[in-house]
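Asker: For the protein sequence lines, the chains are V and X, in the order given. Heads up: the first sequence begins at 0 in numbering that gives the first Met the number 0, then just goes up one per residue. Heads up: the second sequence begins at 0 in numbering that gives the first Met the number 0, then just goes up one per residue.
A few of these clues could be false.
[Unchecked claim] Partner residues aside, some chain V positions facing chain X, computed with beta carbon under 10 Å:
#1 Q120
#2 L158
#3 L168
[To be verified] Pair by pair, the computed Cβ-Cβ distance ranges are:
#4 V:N8 - X:Q195: 18 to 24 Å
#5 X:A148 - V:A99: 32 to 38 Å
#6 X:Q195 - V:V160: 48 to 54 Å
#7 V:T164 - X:F289: 35 to 41 Å
#8 X:P207 - V:L47: 40 to 46 Å
These aren't lab readings, by the way, just hints derived from the structure by calculation. Note that CB positions come from ideal geometry on N, CA and C, so glycine has one too.
These are the residues of each chain, in order.
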Amino acid sequence: MRSRRLSGNHFLLLLVAAVLWAPLLPLILRAFTDAWRYPDLLPERLTLRGLRTVLGPGSEVLHGLALSTAIAVSVAVLACATAWPAGRAIGTHRFRGRRAVQALLLTPVVVPALAAAMGLQILFVRLGLAATIPGVVLVHLVPALPYATSILAAGFANLDVDYETQARLLGARGVRRTVEVTLPLMRAPLTAAAVMAFLISWSDFLLTLLIGAGRVKTLPLQLFSAINATDTTVAASVALVVIAPALLLVGFAAGPLARFSQANLGRGPL
Amino acid sequence: MNSTRTTRVRARVQHQGGTLRIALMLAPAMTVVLVFFVGGIGYALLQSLGYQPFIGRTDLSLDAYRAILDDPAVRASLGLTLRLALVGTSLSAVLGTGIALLIHRLGRSRRWGFALMQLNLAVPHVVGALAIGLLLSQSGLLARLAHGAGLVGAPATFPALVADAHGFGIVAEYVWKETPFLALLALTALGRGTDQLGHAAQVLGAGPLQRLRHVIVPAVLPPVAAGSILVFAFVLGSYEVPYLLGRPFPATLPVVAYEYYTDIDLSYRAEAMAIAVLIALLALAAMLGFLALVGRLARRAT
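Just chain X, with the same shape it has in the complex:
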């Protein structure tokens, strides 16, 4: 009786020691995220509410949010940013999944496909923007090829794909950079026993379409969808690509936010912070929407 009690007490002490140890192990990483990320967003939120002690303003209000929602530059920007993020993400997801299926069918030379997808990880988006500009502009390589094929004459006769009204160049850069990322996620998922499952389905009489619907899609969809959320969030907060390949008006939200942020008139700062907070909220909403969707799909599946 006594000994069991000692054991139990000792077990509890050990457990607490374990919890403390785990807390200590997590502490450095948690500190970085809580101070620099959560803290930073908190500071941005405070400043978006008008807290600017450095110019003597400490009263809080929603003025900055009202101002940005009435601001034609921000309104145009909101639509454009969401459209670019949506189009860029869905194109990358579809192409990435297609390329993954293609590489997966290659069998032994699959690793070349893997290596190929890995390489443009080394190309920063600033470089990507310059490269896409040199490829797609009206005097770019594509226009020259079209000229060589007798399709267009002077540069102005080639369709404007860079700094155009639709943001083709911006979308092209994102798709170019993010497709391999999503392809890799899909490829990894396909490597986890889908072949055996597909084979079993085939033996049981499933046709190619049925195998696609019941084996391939369930394997590939969750990782590609999760990766797409990362891409969507990334595009929402990206600055250099829309700045270099887009028009000054309408500009994307980060471009407008940076413009206001660097304005000599410090009162624009609150609006810059409000736009930054809006971007964070949109990304958060996308993630929560995604989680809700996954939850619903999981419930339907069981």
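Chain V on its own, in the form it takes in the complex:
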């Protein structure tokens, strides 16, 4: 598969890659140095102080890592669970009002959720959900659900329902049919939907700030305060902790994500 010649187009692509990754270069360097005087292109000394502070015992960032993971996993599970039947209805059934339903389910990506979160805060205070982890999970579900629904709907639209019919005729009942026939067939879109929902929750800043009231300190919130503090080495180290798990996840799900970015939005502006 490797191409033998490096054509002008390949060169241009390398250039695009370089520009895309350029901003991460100073970030990575900055995480490992305390001494980087102005005109120097490279830091004078390297240090592990930033990473040690961030990953050391009793660090708040480690707590944030566990918290962000728990919240994002919950959002992914809830988003897939709610989007699964909806995606099935939209992807495999033709019913009146289908387009209207689709449009309504997509509105949270077209209209910023800022107003919704600000309005909800009062309701969440009354329900005892404000400044709690479940409250943050619920508000993350709002931007995550449209992606999960459209990806799963695209998956169900591609699904050959004859396999399910065959399984039914052979006597496989509801749950067994879903687990043994439908789930394996839907593995790629389900992976893509779960990863997208996870990443939306993982990256969110403003909704967490509004509903968590600054008390649910996910990684993006901790990074934000680290940037506003003066220690850039620590801030850059926190940033590395934020992107490393997400990069691994995107690498792991690259295939399904690429295939289901064909869903009408696939991956969004996040």
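On the provided structure of chain V, position chain X as indicated by the hints.
Answerer: For chain X alone, kept in the frame of chain V given last:
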């Protein structure tokens, strides 16, 4: 006669059962959107109209909207926010389409291009803002490179690209993050048989420009335009990037809204909600404008 009637009745019952089943399947997702999204916006709207039972105000008025439209901070913010959203979105759309065309021409190594576009999905905007700051600030990597090339001297001689009057840093972050998103949409559209169409056009005597105008552009424009609406809406409602890379005045609408929202004086809350509702209305207007445009283009095409 009798049997056909039974069949028809049974068919109707089945159809109703089908409708009920579909309604049940849609119920969980619809509940989330209606309660947390539509309901949330409804609550914001009520509060923007002055409904604040927690401080004993239940009469409705448009005072908050009058106040924000007279507020110099909001007026400056409105122009800035729209400009950033417009510039950021159009630059991303143009660059994204260009990169998609480039990757599409690569043939077999296309999948590397795909992977490349996919990667910065993993970088949250907060990280993007920090990274762009470290790249573009007056003592950032770009300034050091310029110094190395003998273009500038002290940090202050490098143009201010972060926290500047024009919002260069903010636009740079959005373009950096959203270009790959729009490139992917364009790339997917190009994969749907444009090569064959282009080839057919070529056989029929179409030159490169004609192929671009009649094959490539019609294939790429709808998905890129739809994606641009998402980007536009996203930029309108984004907080952390303009906060970290922009100036405190004029700040973008979400930054002003959050500032008012957290004010100790609770009477500012109605204004915060009014700004949030204004953002939602602007995004909605952009979408409706887009749909009208698409409708008109579709009608012209037929």
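Asker: Are the hints correct? Go through all of them and say.
Answerer: The hints, checked one at a time:
1. Nearest Cβ of chain X to the Cβ of Q120 (chain V): about 8 Å, under the 10 Å cut. The hint holds.
2. Annotation: interface hint on L158 (chain V) violated; nearest CB of chain X at approximately 15 Å, more than 10 Å.
3. Of the supplied interface hints, the one on L168 (chain V) is violated, with its beta-carbon coming no nearer than about 19 Å to a beta-carbon of chain X, more than 10 Å.
4. Evaluation of the 18 to 24 Å hint for N8 (chain V) and Q195 (chain X) yields a pass: the beta carbon distance comes to about 20 Å.
5. Separated by about 57 Å at the C-beta atoms, A148 (chain X) and A99 (chain V) break the suggested range of 32 to 38 Å.
6. Between Q195 (chain X) and V160 (chain V), the C-beta spacing of about 29 Å breaks the proposed range 48 to 54 Å.
7. A beta carbon spacing of about 40 Å between T164 (chain V) and F289 (chain X) agrees with the range 35 to 41 Å that was offered as a hint.
8. Remark: the range hint 40 to 46 Å for P207 (chain X) to L47 (chain V) is contradicted by a beta-carbon distance near 54 Å.
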